[in-house]
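Mind docking chain B on chain A? Use the hints.
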Amino acid sequence: MFKFLQKQLIKGFITLFIAVSITFLILRLMPGDPTTMLIDPRMTEEARQRLLIDFGLDKSLITQYFLYLKQLFYGNLGVSFVFRAPVSEIIRERLPWTLALMGITQIITIAVGIPLGVMAAYKRGKLTDQIINALSILGISIFVPWLGIMLLFFFGYILPIFPVGGGYTPGLSGWEYFLDVGMHFILPVLTLTIIYLANYILFTRASMVDVLNEDYIRTARSKGMKENRVIWKHGARNAMVSTVTVAGMLLGRMVGGAVLTETVYAYPGVGRMIYDAVGQQDFPLLQGSFIVLALTVIVMNILADFICAYLDPRIKME
Amino acid sequence: MKKQKILEIKNLKTYFPLKRNFFGQVTNYVKAVDDVSFDLHKGEILGIVGETGSGKSTIGRSLLRLVEPTGGSIFYRDKNITKMKGEKLRKIRKNIQMIFQDPFASLNPRISIGECIVEPMREHAIYRKSDCFQRALMLLEKVGLDKDYYIRYPHEFSGGQRQRVGIARALALNPEIIIADEAVSSLDVSVQAQIINLFSDLQQELGLTYIFIAHDLSVVKFVSNRIIVIYLGEIMEIAYKEDLFNQPLHPYTQALISAIPVPDPKKRGRRIILKGEIPSPAHPPTGCKFSTRCFKVMDVCHEIRPDLVNFDNHQVRCHLYQKKEE
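Chains as they are written, first to last, in the numbering used here: chain A, 1 to 318; chain B, 1 to 326.
Bound conformation, chain A alone (with noise of 0.2 Å):
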């Protein structure tokens, strides 16, 4: 058990320097100049120097790199040219919101997901797998924006149910905020869960449709077991193994859907905050965003390797 967890913890530490090192590289490799941006172009000469010197712009990449890996290790993100601010408090400020959404998304696509997978698979070639199919496709074939702008165009504005941006009405506390809260994170939500359900529920059924022929289901159903149990204890349980690892990693592709949802619904969350970065070249933000999202899926990725390991005994934690 622990050496399993030595061995998951060194592989995410191991994926992280390479996650942090590319994003230092393309940041760089970037076209324009974040002085431009930083400092305004009325200021002297000599404050430009001082200023590129206080925040290191003026050493060799070589030199800016260690001194980023350095800083990082004592937890240091930088400061945020646009905002002036320590980013790592800037993304604390922000990133509740979006790990709240994607957190929420994930629990609802697998919560459905998985048992429409499962049916799917288990009437295979029949109408209801067929109908299945069809809206998964379909699912997975939507543009973001699009589907965002629509759901907005809808339920917020013909039929105005939904507030059509941000993520809390300032001025509200106690339930009412909460509640408020609650009303500007359902089309966030919805949005993310009809891109990322049909995932779920095309890898559940091609998982489930290998397992329904293997000859253990066989074996359970000549024991005289309910058709059901025979389905969700011996069939679905093997075939969640592969959903969960899959489920690791839709979660990094989902940091993607995460940045365009946010930014259709003024959402202040992190996604939109990469997306008004990137306009900014607010390298420090950017790379510190980009660092703690990396790490959340890294993070989210060793729990799906032990979810595994629980499910399917000859992944052995030893």
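Derived from the structure by calculation, the hints contain no laboratory data. Check each hint, because a few of them may be wrong.
[Said to hold, decoys possible] Distance condition first, Cα-Cα at most 20 Å in a straight line; then the derived SDA-like pairs of lysine to any residue:
{"id": "1", "chain 1": "A", "residue 1": "Lys226", "chain 2": "B", "residue 2": "Phe157"}
{"id": "2", "chain 1": "B", "residue 1": "Lys91", "chain 2": "A", "residue 2": "Leu27"}
{"id": "3", "chain 1": "B", "residue 1": "Lys88", "chain 2": "B", "residue 2": "Pro109"}
{"id": "4", "chain 1": "A", "residue 1": "Lys126", "chain 2": "B", "residue 2": "Leu18"}
{"id": "5", "chain 1": "A", "residue 1": "Lys226", "chain 2": "B", "residue 2": "Ala125"}
{"id": "6", "chain 1": "B", "residue 1": "Lys129", "chain 2": "B", "residue 2": "Asn174"}
{"id": "7", "chain 1": "A", "residue 1": "Lys70", "chain 2": "A", "residue 2": "Arg28"}
{"id": "8", "chain 1": "A", "residue 1": "Lys59", "chain 2": "A", "residue 2": "Leu27"}
{"id": "9", "chain 1": "A", "residue 1": "Lys226", "chain 2": "B", "residue 2": "Lys296"}
{"id": "10", "chain 1": "B", "residue 1": "Lys85", "chain 2": "A", "residue 2": "Tyr122"}
{"id": "11", "chain 1": "B", "residue 1": "Lys296", "chain 2": "B", "residue 2": "Pro263"}
{"id": "12", "chain 1": "A", "residue 1": "Lys226", "chain 2": "B", "residue 2": "Thr82"}
[What the hints assert, rightly or not] To give a feel for the contact side, a few chain A residues facing chain B, derived at Cβ under 8 Å:
{"id": "13", "residue": "Lys123"}
{"id": "14", "residue": "Lys126"}
{"id": "15", "residue": "Thr128"}
{"id": "16", "residue": "Glu214"}
{"id": "17", "residue": "Ser222"}
{"id": "18", "residue": "Met225"}
{"id": "19", "residue": "Asn228"}
We put the beta carbon where it would ideally sit given N, CA and C, even for glycine.
Using the frame of chain A, we list chain B on its own:
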């Protein structure tokens, strides 16, 4: 000894669709089991032998309705179970248990050995909870496995051990009939012997009735009382073991028996070598299905399908004997 019929199979047919036309109608079948009838008597061990692809396993599976029969009927204690569904079918399955061919694939990898044995007992609620556990331990011991294996998982065991688990699982419900489908063919010869001995011990101890499906005639000879020889889904010969081995009637049976290795080189008889392979069950020969490989083939064999003829408890499907009867 008065024979009590517990299973009666009448004209069992199991076809698998092979091709469908545009409208979804089936145009070609594999006739895996074609018009098979036999009885199973209480306490006997009935062997079913045949080559790969002859439909032996499909017979076994059809009896438990794991594969839906296309036609014919199956009676268990005078109850027609051919069309039974849901709860009633579950109750029947409780009494007829199956041991499967592949000990590696037929155990669920994420369910422990103990759970695997306890599960059917719990599902049918025939024992109290605490008794289930005790019974599982007793069964593990009975099939020669350590009690400590209860909490272990299938991947930790060898093929022979897993097959024992499969036997313990099949015994858990205290069934009347056990269908052993190639239960030993994937095992080493030494392990085969152990498992076969286990089968005979259990039969004497618990008064079980077996259907023993195998392709190895020497294994079947060792365990069974009565033997069915099957070829391309059809019964070629049914007889008591002694009769079948001392006086095989069907040319196919004669060829099979001549192929059993004999340890003493001086006693080795003339071997009948059959030509070619078993024909594709999708396109079986017309007339007698064995006619393409038979060494005593006559013109009539290619045209007319012979009937199963009975000579006191020895049935055979061959034109050689049809004439004699007339």
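Checked hints:
1. With a C-alpha separation of about 28 Å, the suggested pair A/Lys226 and B/Phe157 falls outside the 20 Å cut-off, and the hint is violated.
2. Annotation: proposed proximity of B/Lys91 to A/Leu27 is violated, straight-line Cα distance about 68 Å (limit 20 Å).
3. About 29 Å separates the Cα atoms of B/Lys88 and B/Pro109, which puts this hinted pair outside 20 Å; it is violated.
4. This hinted pair checks out: A/Lys126 and B/Leu18 have alpha carbons roughly 19 Å apart, not beyond 20 Å.
5. With a C-alpha separation of about 12 Å, the suggested pairing of A/Lys226 with B/Ala125 holds against the 20 Å cut-off.
6. With a C-alpha separation of about 16 Å, the suggested pairing of B/Lys129 with B/Asn174 holds against the 20 Å cut-off.
7. This hinted pair checks out: A/Lys70 and A/Arg28 have alpha carbons roughly 18 Å apart, not beyond 20 Å.
8. Between A/Lys59 and A/Leu27 the alpha-carbon distance is near 16 Å, which keeps this suggested pair within the 20 Å criterion.
9. Of the supplied pair hints, the one linking A/Lys226 and B/Lys296 is violated, its CA atoms being roughly 51 Å apart against a limit of 20 Å.
10. A distance of roughly 18 Å separates the Cα atoms of B/Lys85 and A/Tyr122; the hinted pair therefore holds under the 20 Å criterion.
11. For the given pair, B/Lys296 sits about 28 Å from B/Pro263 by alpha-carbon distance, which is inconsistent with the 20 Å threshold.
12. In summary, the hint linking A/Lys226 to B/Thr82 is supported, as the alpha carbons are separated by about 18 Å, within the 20 Å threshold.
13. The interface hint given for A/Lys123 is violated, since its Cβ lies 17 Å from the closest Cβ of chain B, which is over the 8 Å cut-off.
14. Interface restraint check: A/Lys126 against chain B, minimum CB-CB distance 13 Å, threshold 8 Å, status violated.
15. Hint status for A/Thr128 relative to chain B: violated, with the closest Cβ pair at about 18 Å, above 8 Å.
16. Of the supplied interface hints, the one on A/Glu214 holds, with its beta-carbon coming within about 6 Å of a beta-carbon of chain B, less than 8 Å.
17. The interface hint given for A/Ser222 holds, since its Cβ lies 5 Å from the closest Cβ of chain B, which is under the 8 Å cut-off.
18. At about 5 Å, the closest approach between the beta carbon of A/Met225 and any beta carbon in chain B falls short of 8 Å, and the interface hint on this residue holds.
19. A distance limit of 8 Å between C-beta atoms decides the matter here; for A/Asn228 the minimum to chain B is near 11 Å, and the interface restraint is violated.
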